[in-house]
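Residue strings, one per chain:
2 protein chains.
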Amino acid sequence: MCAASHTYQFPRPAIAVDCVVFGYSPEGLHVLLLKRGVEPFAGKWVLPGGFLHQGESGDEALKRLLLEKAGIQKIWAEQLYTFTNPARDPREQIISIAYFALVKSMDIEPVAGRDTVEAQWKLVQSRIALGFDHAEILQTALDRLAAKLRWQPVGFELLPPKFTLSELQHLYETILRKSIDKRNFRKKILAMNLLDACDEQVTAGSGRPAQLYRFNAKKYKELSRQGFHFEL
Amino acid sequence: MCAASHTYQFPRPAIAVDCVVFGYSPEGLHVLLLKRGVEPFAGKWVLPGGFLHQGESGDEALKRLLLEKAGIQKIWAEQLYTFTNPARDPREQIISIAYFALVKSMDIEPVAGRDTVEAQWKLVQSRIALGFDHAEILQTALDRLAAKLRWQPVGFELLPPKFTLSELQHLYETILRKSIDKRNFRKKILAMNLLDACDEQVTAGSGRPAQLYRFNAKKYKELSRQGFHFEL
DNA sequence: AATTTTTAGTGTATTTTTTACACTAATTAA
DNA sequence: TTAATTAGTGTAAAAAATACACTAAAAATT
Chain A
149 MCAASHTYQF
159 PRPAIAVDCV
169 VFGYSPEGLH
179 VLLLKRGVEP
189 FAGKWVLPGG
199 FLHQGESGDE
209 ALKRLLLEKA
219 GIQKIWAEQL
229 YTFTNPARDP
239 REQIISIAYF
249 ALVKSMDIEP
259 VAGRDTVEAQ
269 WKLVQSRIAL
279 GFDHAEILQT
289 ALDRLAAKLR
299 WQPVGFELLP
309 PKFTLSELQH
319 LYETILRKSI
329 DKRNFRKKIL
339 AMNLLDACDE
349 QVTAGSGRPA
359 QLYRFNAKKY
369 KELSRQGFHF
379 EL
Chain B
149 MCAASHTYQF
159 PRPAIAVDCV
169 VFGYSPEGLH
179 VLLLKRGVEP
189 FAGKWVLPGG
199 FLHQGESGDE
209 ALKRLLLEKA
219 GIQKIWAEQL
229 YTFTNPARDP
239 REQIISIAYF
249 ALVKSMDIEP
259 VAGRDTVEAQ
269 WKLVQSRIAL
279 GFDHAEILQT
289 ALDRLAAKLR
299 WQPVGFELLP
309 PKFTLSELQH
319 LYETILRKSI
329 DKRNFRKKIL
339 AMNLLDACDE
349 QVTAGSGRPA
359 QLYRFNAKKY
369 KELSRQGFHF
379 EL
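So the sequences go chain by chain: A and B. Just so you know, we're using this note's numbering here: the first sequence kicks off at 149 and counts up by one. Just so you know, we're using this note's numbering here: the second sequence kicks off at 149 and counts up by one.
Rather than coming from a laboratory, the hints here were simulated on the basis of the structure. Some clues are possibly wrong.
Just so you know, same-sequence chains aren't split out, so a pair can sit in one copy or run between any two.
Straight line, CA to CA, 35 Å or less: simulated DSBU-like cross-link-like pairs of lysine-lysine [unchecked claim]:
| no. | residue 1 | residue 2 |
| --- | --- | --- |
| 1 | LYS369 | LYS326 |
| 2 | LYS211 | LYS252 |
| 3 | LYS310 | LYS330 |
| 4 | LYS366 | LYS183 |
| 5 | LYS336 | LYS369 |
| 6 | LYS192 | LYS335 |
| 7 | LYS252 | LYS369 |
| 8 | LYS270 | LYS222 |
| 9 | LYS369 | LYS330 |
| 10 | LYS211 | LYS330 |
| 11 | LYS222 | LYS252 |
| 12 | LYS336 | LYS310 |
| 13 | LYS296 | LYS366 |
All chains should be built: construct the whole structure from the sequences, respecting the hints.
In structure tokens:
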């Protein structure tokens, strides 16, 4: 272990970066959790995270930590909130810069690290108990995700590149926790002209095959610059 | 000077709390700025702020700093964003947990501290140059304020307890930077039933005296619980 | 004292957006 | 062959947003 030490005139809290990683499947919204192997909260589920290193920005730390702890490389993420309650960690004051992230598929490669026993996707609705103040962080992320879903095209970050309108609608219904009229939903989303129909269809189990669509991020950027505001 | 020292195994960035304090007058939206008396950025205008103390939450540090630096006691404030660019302070890595705050009147008592020469309310539209990355923080706060104004009743935090509808409309026009139809604005805001008419009128210069109103925060909370969403 | 200027205050008709709603189409399962 | 399942489509009614011009009450000017 490194014996280097760092001395300051005034005490400094440690800085952690924690991340709420959401994934989606027809069963519902999932969150990536790690089971801690060490105290405090050994055996408890917590959000992936770790300490910010010297010279790192929050975004850089996040990228490193997601790779280390979950093998996740490319991912949509943004800063959520900074949790500063001095008692949020029983050891000492640790400030957590929390992020939330959205993955298109839940095939993570959970890397068991020094302090991690296990990684699992858990259904959000299962309301599993979490260590530290991570339940509060998760709730904040859920609120933010629901709000964001309506005003920004982030839903597509939770779906594979090609998806059906039914899948998209189901995602909205799950996260916003209300049912949506099928015809009105399709009308509205297609009227935005942000979805390109692929020349493929897909059939999932029984029923009529569904048209696959792709979100046109380039067109969205272009329209945004022209004052367009996504709303669903 | 205190000679106590604090030693940690790993290096730790310092934590600052900075605040964008907005004030409003008919001339426009103002921001409270301090002129620095010490390096770095001596002579430059910066946002009020300071270091987070051990054992303090961000909210507590904010409260202390606003009192110390500007004599501000009761104030609406919320966390804005955490700025983590390692180069944002030329001395060393200092993470800034930024807040933004709204005051009802701009009669601050600017306290000249150790590192502060002067405090002034500056018109936001004057686009004054700021030290550190504070221009970025200010822009983030402006964007947030404009967004928030439409979906939450925060405009009232920038007005005295009693205000006229014209004042309120002018505030909205200033911050959203677009003109609003007088009749439609009044219709919409009054239809929400969140404004109580005072039994006073006020006359500012020439012209017909205007009815004074008061924002009913209690009613807003009540309606919010019932699923009401403010929108203007 | 009369007139002008200034700001406050009001209603309706049109357009746009949102909502509610039921059947046909294409496939798999029985 | 039939039943079950999911995809896909249009219209009419209601609600919300918009555009728009005059009267009312005071101060300022003549």
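Evaluation of the provided hints:
1. When the C-alpha separation of LYS369 and LYS326 is checked against a cutoff of 35 Å, the pair qualifies both within a copy, at 29 Å, and between copies, at 23 Å.
2. Taking CA atoms no more than 35 Å apart as the test, LYS211 paired with LYS252 passes inside one copy only; the shortest distance there is 16 Å, against 41 Å between copies.
3. With identical chains, the CA atoms of LYS310 and LYS330 are at most 35 Å apart within one copy only, with a shortest distance of 19 Å there and 46 Å across copies.
4. Taking identical chains as interchangeable, the C-alpha atoms of LYS366 and LYS183 are never at most 35 Å apart, the minima being 39 Å within one chain and 43 Å between chains.
5. For the identical chains of this complex, LYS336 and LYS369 are neighbours both inside a copy (19 Å) and across copies (32 Å), given an alpha-carbon limit of 35 Å.
6. Proximity of LYS192 and LYS335 under a CA criterion of 35 Å is satisfied in neither setting, with 45 Å inside one chain copy and 53 Å between copies.
7. Within a single copy, LYS252 and LYS369 get their C-alpha atoms as close as 20 Å, which meets the 35 Å cut-off; across copies the closest is 37 Å, which misses it.
8. When the C-alpha separation of LYS270 and LYS222 is checked against a cutoff of 35 Å, the pair qualifies only within one copy, where the shortest distance is 21 Å, while the shortest distance between copies is 42 Å.
9. Within a single copy, LYS369 and LYS330 get their C-alpha atoms as close as 27 Å, and across copies as close as 33 Å, so both meet the 35 Å cut-off.
10. When the C-alpha separation of LYS211 and LYS330 is checked against a cutoff of 35 Å, the pair qualifies neither within a copy, at 37 Å, nor between copies, at 49 Å.
11. With identical chains, the CA atoms of LYS222 and LYS252 are at most 35 Å apart within one copy only, with a shortest distance of 10 Å there and 45 Å across copies.
12. Taking the closest pair of Cα atoms, LYS336 and LYS310 come within 35 Å of each other only inside a single copy of the chain (19 Å); across copies the shortest separation is 42 Å, beyond that limit.
13. For the homomeric pair LYS296 and LYS366, the shortest alpha-carbon distances inside one copy (19 Å) and between copies (27 Å) are both at most 35 Å.
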